[in-house]
Amino acid sequence: MFDPRESLSVTQDGDRLFAKAQQDGVETVWERHEAQQPQCGFCDMGLSCRICIMGPCRVDPFGEGPQTGVCGADADIIVARNLCRMIAAGAASHSDHGRDLVEVLAGVADGSAIGYKIRDEAKLRRLAEEYGVATEDKKPLVIAGELAQAMMEDYGMRQKAVKMVARAPKKRRAVWEKFGLTPRGIDRETSEMMHRTHMGVDNNWQSLLLQAMRNSLSDGWGGSMIATEVSDILFGVPTPRPTTVNAGVLKDDQVNIVVHGHNPVVSEMVSKACQDKALVDLAKEKGAGGINLVGVCCTGNELLMRRGIAMAGNHLMTELILSTGAVDMMIVDYQCIMPSLGKVAACYHTRMVSTSDKAKFPHMAHHEFHPHNAEKKAVEVVRSAVENYVNRGKVLIPVTSQEAVGGFSVEAILGALGGTPEPLIEAIKAGKIRGAVGIVGCNNPKIKHDYGHVTLTRRLIENDILVVDTGCVAVATAKAGFKVPAAADMAGPGLKAICNALGIPPVLHMGSCVDNVRILVLVSALADALGIDISDLPVAGSAPEWYSEKAVTIGTYFVASGVTTHLGPMPPITGSMNVVNLLTSGLKDVVGATFAVEPDPEKAAVFLRRTIEGKRKALGLDARSVD
Amino acid sequence: MKQVVVHPERCVGCMQCMLACATAHSRSLTLFAAVQETPQPKPRIHVGAGRFNEGFPNRCRHCDPAPCQMACLAGAIYRRDSVDTVMINPDRCINCASCAMACPYGVIRFHEDPLGPSGHAIAVKCDNCSARVAKGQTPACVEICKAGALTYEEMDAAMRRKTRAVAHSMSTDADPSAIPAGVALLKSIKQSELQLSGS
Numbered sequence: 001m002f003d004p005r006e007s008l009s010v011t012q013d014g015d016r017l018f019a020k021a022q023q024d025g026v027e028t029v030w031e032r033h034e035a036q037q038p039q040c041g042f043c044d045m046g047l048s049c050r051i052c053i054m055g056p057c058r059v060d061p062f063g064e065g066p067q068t069g070v071c072g073a074d075a076d077i078i079v080a081r082n083l084c085r086m087i088a089a090g091a092a093s094h095s096d097h098g099r100d101l102v103e104v105l106a107g108v109a110d111g112s113a114i115g116y117k118i119r120d121e122a123k124l125r126r127l128a129e130e131y132g133v134a135t136e137d138k139k140p141l142v143i144a145g146e147l148a149q150a151m152m153e154d155y156g157m158r159q160k161a162v163k164m165v166a167r168a169p170k171k172r173r174a175v176w177e178k179f180g181l182t183p184r185g186i187d188r189e190t191s192e193m194m195h196r197t198h199m200g201v202d203n204n205w206q207s208l209l210l211q212a213m214r215n216s217l218s219d220g221w222g223g224s225m226i227a228t229e230v231s232d233i234l235f236g237v238p239t240p241r242p243t244t245v246n247a248g249v250l251k252d253d254q255v256n257i258v259v260h261g262h263n264p265v266v267s268e269m270v271s272k273a274c275q276d277k278a279l280v281d282l283a284k285e286k287g288a289g290g291i292n293l294v295g296v297c298c299t300g301n302e303l304l305m306r307r308g309i310a311m312a313g314n315h316l317m318t319e320l321i322l323s324t325g326a327v328d329m330m331i332v333d334y335q336c337i338m339p340s341l342g343k344v345a346a347c348y349h350t351r352m353v354s355t356s357d358k359a360k361f362p363h364m365a366h367h368e369f370h371p372h373n374a375e376k377k378a379v380e381v382v383r384s385a386v387e388n389y390v391n392r393g394k395v396l397i398p399v400t401s402q403e404a405v406g407g408f409s410v411e412a413i414l415g416a417l418g419g420t421p422e423p424l425i426e427a428i429k430a431g432k433i434r435g436a437v438g439i440v441g442c443n444n445p446k447i448k449h450d451y452g453h454v455t456l457t458r459r460l461i462e463n464d465i466l467v468v469d470t471g472c473v474a475v476a477t478a479k480a481g482f483k484v485p486a487a488a489d490m491a492g493p494g495l496k497a498i499c500n501a502l503g504i505p506p507v508l509h510m511g512s513c514v515d516n517v518r519i520l521v522l523v524s525a526l527a528d529a530l531g532i533d534i535s536d537l538p539v540a541g542s543a544p545e546w547y548s549e550k551a552v553t554i555g556t557y558f559v560a561s562g563v564t565t566h567l568g569p570m571p572p573i574t575g576s577m578n579v580v581n582l583l584t585s586g587l588k589d590v591v592g593a594t595f596a597v598e599p600d601p602e603k604a605a606v607f608l609r610r611t612i613e614g615k616r617k618a619l620g621l622d623a624r625s626v627d
Numbered sequence: 001m002k003q004v005v006v007h008p009e010r011c012v013g014c015m016q017c018m019l020a021c022a023t024a025h026s027r028s029l030t031l032f033a034a035v036q037e038t039p040q041p042k043p044r045i046h047v048g049a050g051r052f053n054e055g056f057p058n059r060c061r062h063c064d065p066a067p068c069q070m071a072c073l074a075g076a077i078y079r080r081d082s083v084d085t086v087m088i089n090p091d092r093c094i095n096c097a098s099c100a101m102a103c104p105y106g107v108i109r110f111h112e113d114p115l116g117p118s119g120h121a122i123a124v125k126c127d128n129c130s131a132r133v134a135k136g137q138t139p140a141c142v143e144i145c146k147a148g149a150l151t152y153e154e155m156d157a158a159m160r161r162k163t164r165a166v167a168h169s170m171s172t173d174a175d176p177s178a179i180p181a182g183v184a185l186l187k188s189i190k191q192s193e194l195q196l197s198g199s
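Line order of the protein sequences matches chains G and C. Mapping the first sequence onto our numbering, position 378 (from 1) lands on 378, and the numbers just tick up by one. Mapping the second sequence onto our numbering, position 151 (from 1) lands on 151, and the numbers just tick up by one.
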């Protein structure tokens with residue numbers, strides 16, 4: 001029987017719902033993680049290779065057993081290839097998400113995507129211009145169609161560079177050109193990465209990792225950036241707005257529908273259906289006060305950013321939310337959806353619905369959404385959720401919800417600053433704000449739930465470092481109360497003054513995981529305003545509790561873009577000290593940034609503060625010493 | 001006489017010893033076919049997780065005197081001195097589990113076994129791969145371990161090696177890194193993670 005020595009989460013709802021799950025006999029991610037121990041050291045170190053069937057092979061890290069695979073690949077090659085495939089998978093995931101949005105954009109243009117529309121015409125025009133699509137005297141739908149076609153070109157092999165690479169500062173683009181890192185096509189780089197890692201192709205570990213960086217950039221400045229920008233066009237550019245977070249957003253007197261997964265293509269339609277008058281009336285007929293839509297994970301973040309819709313939890317909360325017994329339906333699309341959810345839901349009355357042709361799960365009813373039928377399907381599934389309300393058993397919603405503010409797109413941040421990045425730059429120059437850290441990424445049972453995110457955030461803002469966050473981190477810090485204006489009191493004197501003056505919290509919610517590109521756009525704007533490269537800025541990144549392949553790709557595109565990035569858990573690279581040294585030190589001479597690994601967020605805070613003060617010094621600004 | 005020697009610091013927790021052991025005690029003697037057998041063969045070596053989630057291959061120590069042998073009322077447990085092995089006779093075992101109560105190491109399991117009477121669970125433990133050794137092979141767990149956690153050698157030879165390593169580490173200018181850098185790095189990260197979560 002799994003017996004955690006201490007609480008598993010820094011959050012109240014996490015602990016209380018875990019206790020409920022145990023009481024209800026529900027198996028969670030923590031029990032399954034425990035059952036996996038000890039996890040195989042060959043795999044943990046990146047030293048097992050399953051790429052071909054002359055294998056499977058492993059390299060003995062102690063030097064006595066086999067030192068190469070059957071094909072002759074040594075530890076450096078095996079470790080590099082494994083990491084490269086993680087990056088390819090992460091890039092593919094985000095880029096497919098972008099692809100689905102481009103399809104909807106094309107469907108809006110030709111009228112086949114019923115219920116979807118252009119919400120931000122100005123952004124549509126701006127983006128079209130970037131893609132070389134003339135916009136003068138052209139109707140928005142025509143522009144949309146041509147923009148969609150141009151974006152599809154970004155996915156292929158006809159271009160020298162993915163279009164939005166042009167947004168990066170000139171000096172950064174020059175670095176990419178110098179090392180052959182400029183991404184040529186979104187699908188192309190992933191495809192080449194898979195090719196290079198086939199047996200007997202790229203057997204130079206540095207060459208493999210350079211392609212991995214190029215692949216990650218095809219995601220960061222390609223697939224993910226398209227995802228975010230097209231989402232803004234179709235669903236609106238986020239603006240700051242209040243919201244609520246944690247399990248307390250579930251209501252015991254309303255129909256609770258939870259959306260999980262990533263693409264707003266699905267969650268936006270569900271949101272629309274939840275406002276359908278006939279369905280709200282049906283809910284009331286069933287005895288509910290109304291229909292309460294909440295999110296978990298990134299699709300929840302998309303709805304929070306644009307509509308202020310509440311967030312029930314992040315990655316490690318997705319099973320626990322169900323153990324409230326209050327969820328009438330969970331609707332999922334793709335990515336980060338644990339295949340255990342159907343089994344957990346079966347212990348309660350919760351109906352589980354899968355919607356993507358790409359993502360089917362055990363014990364879920366499949367209702368496939370496509371651009372032409374999503375609006376209709378959403379109404380169908382929401383109706384089913386409403387009808388399920390009467391089947392509720394005992395409900396335990398163990399906390400009251402926490403207020404938070406989200407919606408900080410780059411446009412919103414610049415708006416809050418008065419239209420230009422100048423006030424932020426002045427604050428950084430004056431040392432009131434030392435710099436900024438983007439804290440991103442997931443949860444992982446290897447790290448106490450949200451402990452890494454909350455601890456790191458607190459230490460950074462205490463030291464006048466502005467924090468921006470996305471994904472699971474954004475939920476963690478919102479739950480911890482960092483995203484209300486009063487949280488400025490937790491910040492150091494410099495940051496506090498700025499926050500109070502602008503009426504913003506010290507931690508800015510910038511969106512979902514594809515929205516990490518908003519951070520790229522922001523640092524580009526700051527670098528351009530100062531005429532420097534991103535790697536000169538007093539900024540850094542961190543993923544204190546990451547778990548997914550997508551996170552490896554995001555971390556890599558941040559580093560490749562010049563942002564030194566800290567990781568909590570160690571990636572599977574310790575089998576090759578050459579790879580470890582390149583990633584944690586050697587990359588400085590290539591892209592001007594590196595990775596660092598440190599599970600303890602207190603120590604990570606010291607590292608990040610030192611990194612930022614070091615950048616300040618190099619810019620000729622005042623710099624503090626950090627002990 | 002050679003015996004299986006365990007080097008716990010080398011165990012990476014891959015559990016291949018368990019697979020090889022079960023396969024070696026099957027009827028078909030290949031992994032894929034062994035998994036399909038009824039009853040399924042089971043490993044007699046068991047990898048457990050340490051405090052820092054490192055692996056440890058737990059096998060029968062073939063004690064002398066053996067607590068399990070002394071506890072067995074049915075007289076099913078005996079020692080074959082020629083191969084320094086404590087054996088369980090599957091035909092005399094009455095499945096009372098007195099041996100497991102006496103065993104300080106938890107290496108005895110109870111199940112119907114391909115090499116035992118059909119339809120009847122019995123006590124099962126490591127037999128030092130006596131059948132393989134009689135054919136001139138090494139024990140299955142040793143053969144498959146690629147990290148050097150299980151070796152087949154004279155205990156004295158293993159201890160002499162260890163003495164040499166310890167003596168080397170005492171010299172001035174000794175290389176302090178007895179374990180490879182990557183292994184040490186991963187170990188320290190895992191320990192840090194576990195300590196942070198209160199273990």
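Worth flagging that the hints you see were computed from the coordinates, not collected in a lab. Be a bit skeptical, because a hint or two may be false.
As the list claims (entries may be wrong) - Label-pair restraints from in silico Cβ distances:
hint, chain 1, residue 1, chain 2, residue 2, range
1, G, Cys71, C, Ala33, 45 to 53 Å
2, G, Pro493, C, Val166, 39 to 47 Å
3, C, Ser82, G, His195, 54 to 62 Å
4, G, Met54, C, Gln137, 31 to 39 Å
Stated by the list, open to error - Partial list, computed: chain C residues near chain G (C-beta under 8 Å):
hint, residue
5, Val12
6, Gly13
7, Val47
8, Glu54
9, Pro114
10, Ala131
11, Ile144
12, Thr163
13, Ala165
14, Ala167
15, Asp175
16, Ala178
17, Val183
18, Leu185
19, Gly198
Note that the Cβ used here is the ideal one computed from N, Cα and C, for glycine as well.
Outcome of the hint check:
1. Between Cys71/G and Ala33/C the Cβ separation comes to about 27 Å, which falls outside the hinted range of 45 to 53 Å.
2. A C-beta distance of roughly 56 Å is found between Pro493/G and Val166/C, which places it outside the suggested range of 39 to 47 Å.
3. With their beta carbons about 58 Å apart, Ser82/C and His195/G fall inside the hinted range of 54 to 62 Å.
4. At about 24 Å, the CB distance of Met54/G to Gln137/C disagrees with the hint of 31 to 39 Å.
5. Annotation: interface hint on Val12/C holds; nearest CB of chain G at approximately 3 Å, less than 8 Å.
6. Hint on Gly13/C holds. Least Cβ distance to chain G is approximately 3 Å, under the 8 Å limit.
7. Evaluation of the Val47/C hint against chain G yields a held restraint, the C-beta minimum of about 7 Å falling below 8 Å.
8. Against a cut-off of 8 Å between C-beta atoms, the interface hint on Glu54/C holds, since the closest Cβ of chain G lies about 6 Å away.
9. At about 26 Å, the closest approach between the beta carbon of Pro114/C and any beta carbon in chain G exceeds 8 Å, and the interface hint on this residue is violated.
10. A least Cβ separation of about 25 Å between Ala131/C and chain G goes past the 8 Å threshold, and the interface hint is therefore violated.
11. Because the closest C-beta pair between Ile144/C and chain G is about 10 Å apart, greater than 8 Å, the hint is violated.
12. With a cut of 8 Å, the hint placing Thr163/C at the interface with chain G is violated, because the nearest CB-to-CB distance is about 18 Å.
13. The interface hint given for Ala165/C is broken, as the beta carbon of that residue sits about 12 Å from the closest beta carbon of chain G, more than 8 Å.
14. Given hint, Ala167/C at the interface with chain G, is violated; its Cβ is 20 Å from that chain's nearest Cβ, farther than 8 Å.
15. The beta carbon of Asp175/C is not positioned within 8 Å of any beta carbon in chain G (closest approach about 13 Å), and the interface hint is therefore violated.
16. Hint status for Ala178/C relative to chain G: violated, with the closest Cβ pair at about 10 Å, above 8 Å.
17. Contact between Val183/C and chain G, as hinted, is supported at the beta carbon level, the nearest pair being about 5 Å apart and thus within 8 Å.
18. For Leu185/C, the interface hint holds, since its Cβ comes within 8 Å of a Cβ in chain G; the closest pair sits about 5 Å apart.
19. Hint status for Gly198/C relative to chain G: holds, with the closest Cβ pair at about 3 Å, below 8 Å.
Of the numbered hints given earlier, the model fails hints 1, 2, 4, 9, 10, 11, 12, 13, 14, 15 and 16; all others are met.
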